[in-house]
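Chains Y and P supply the protein sequences, listed in that same order. For any residue, its number in the numbering used here is found by taking its place in the first sequence, counting from 1, and adding 11. For any residue, its number in the numbering used here is found by taking its place in the second sequence, counting from 1, and adding 5.
Treat the hints as calculated values from the structure; they're not laboratory data. Cβ coordinates follow ideal geometry from the N, Cα and C atoms, glycine included. Some clues are possibly wrong.
One-sided excerpt, in silico: chain P residues whose CB lies under 10 Å from chain Y [what the hints assert, rightly or not]:
#1 D126
#2 Q130
#3 A165
#4 A166
#5 A169
#6 S172
#7 T184
#8 D257
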Amino acid sequence: MLRVEKLKIANLPSLSFEVGDGECMAIEGPSGIGKTRLARALADLEPTNGHIFVNGAERMETAAPEWRRLVRYLSSEPGWWTDTAREALPSEGRSEGAILRLLESLNLEPQMLDKPISVLSTGERQRLALVRALIDAPPVLVLDEPTSALDPRNTALVEEVLRYQLINGRSILLISHDHDQVARLADLRLQLAPVGEKPGAAQHGAEPVLTDIKTC
Amino acid sequence: MTYVPLDITDLMLAASLILINGAVSWAFALGLERTLLINSVRMTLQLAMIGFVLKWIFAQTSPVWTAGLATIMILVAGYEIVSRLSRRPKGFAAYLLGSGTLLLVGTLGTGFAVLGIIGPDPWYQPRYVLPILGMVLGNAMTGIALTTSTLLESANRDRAAIEARLSLGANRFSAISETLRLALRTGLMPILNAMAASGIVALPGMMTGQILAGLDPIEATKYQIMIMFLIAGATALGVVIAGYGSVMLITDSRHRLRLDRLLPTSA
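Start from the sequences, fold in the hints, and give me the full structure.
Here's what the structure looks like:
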């Protein structure tokens, strides 16, 4: 479970919210409002004021590398630093069986792990980056447009994998411009929207609106 | 020692060669005439000035004046490092890193050569201390500037990969290790190339100077060998310190990549 208290990002008002185990929260709002910055701040990749807790552990009281094993951020354009995807997989907590299952569920051939990254398609790289992000089972996933380079079939597979993560008690924060995807996956929505768009107003702030979109 | 002294007419004759540079700039429309003129005048004035300054300092043989000039050399070299960076850190951190590293390797390198190897009496004789410090600084400066600028530029370019590694739980040094390795290699390359080429392709400046001044070539060579090892060692040390220092500069204690600490690229 992720709890955020008075997190201050750029010119957004301070944000407080909670995402429970097995819950998915969509982060929404127009381009440039600070969705990616919020996502990066959750993984402590950007300096911000405020408190973030995962299962009781506070961000600043947890060593940063350890924190990023709790809150895993997956960028919309994931970088690679090795020749093959296999070398980039975290060494901790991985089992060959788990890797193969994850590859299969994302429609990736096992030998893709050993191909040069440079010959893979954008969509293949995006799915391999998801494998990389999931393999050591972080409790909180912060995903920045995880299906932006995928066709509908592969998008559906990714969503299936994410649903499986939710069933297993992980929390997901999802940035997505695909409203249908948000409707399919999200339990909560965090709407980052400009407020008071008065003509001539010098600055736009933004007002977070937390709405529960699933009612059971 | 015998040598043929040069007079003003000789120097003017040599200066006429700059016309070739001028002709090249004009023929290819390089627009470098102004820079050529300014830099020629600047070089002549700087060298003439340092000639008089050195003559005066040599006459004093005072550790205070020697240390004073050494300090100026280190500060200027530190400034030169920062001015060679295409991506500059905000504030004074880069100047501090550049000059601090040079102070350390300059003192260690020159101290080692003067106290440990040459052993002049008194040890602080500026005739030994300053030229050796100059050579250590000149070479270390090139290495440090290359390492720092490669690191800052590559970190910017490799940002996605570095942050991906951080996101997976790597600490800042292992996340940036590929970039750091590239930066260290780049910084060490000139001195390694100079070692390979010296003696066959190029007669090093100091050795040439000593030979022209009438020193026995064998003796000049011995000095040159010592100097080459000295600057190689000092450059290696400087490059490593500057490399790690630059990593500290663009990351923080929370293992974040802080490219916001760099100024925007100047056009």
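Ascending list of hint numbers which this structure does not respect | Hints 1, 2 contradicted; others consistent.
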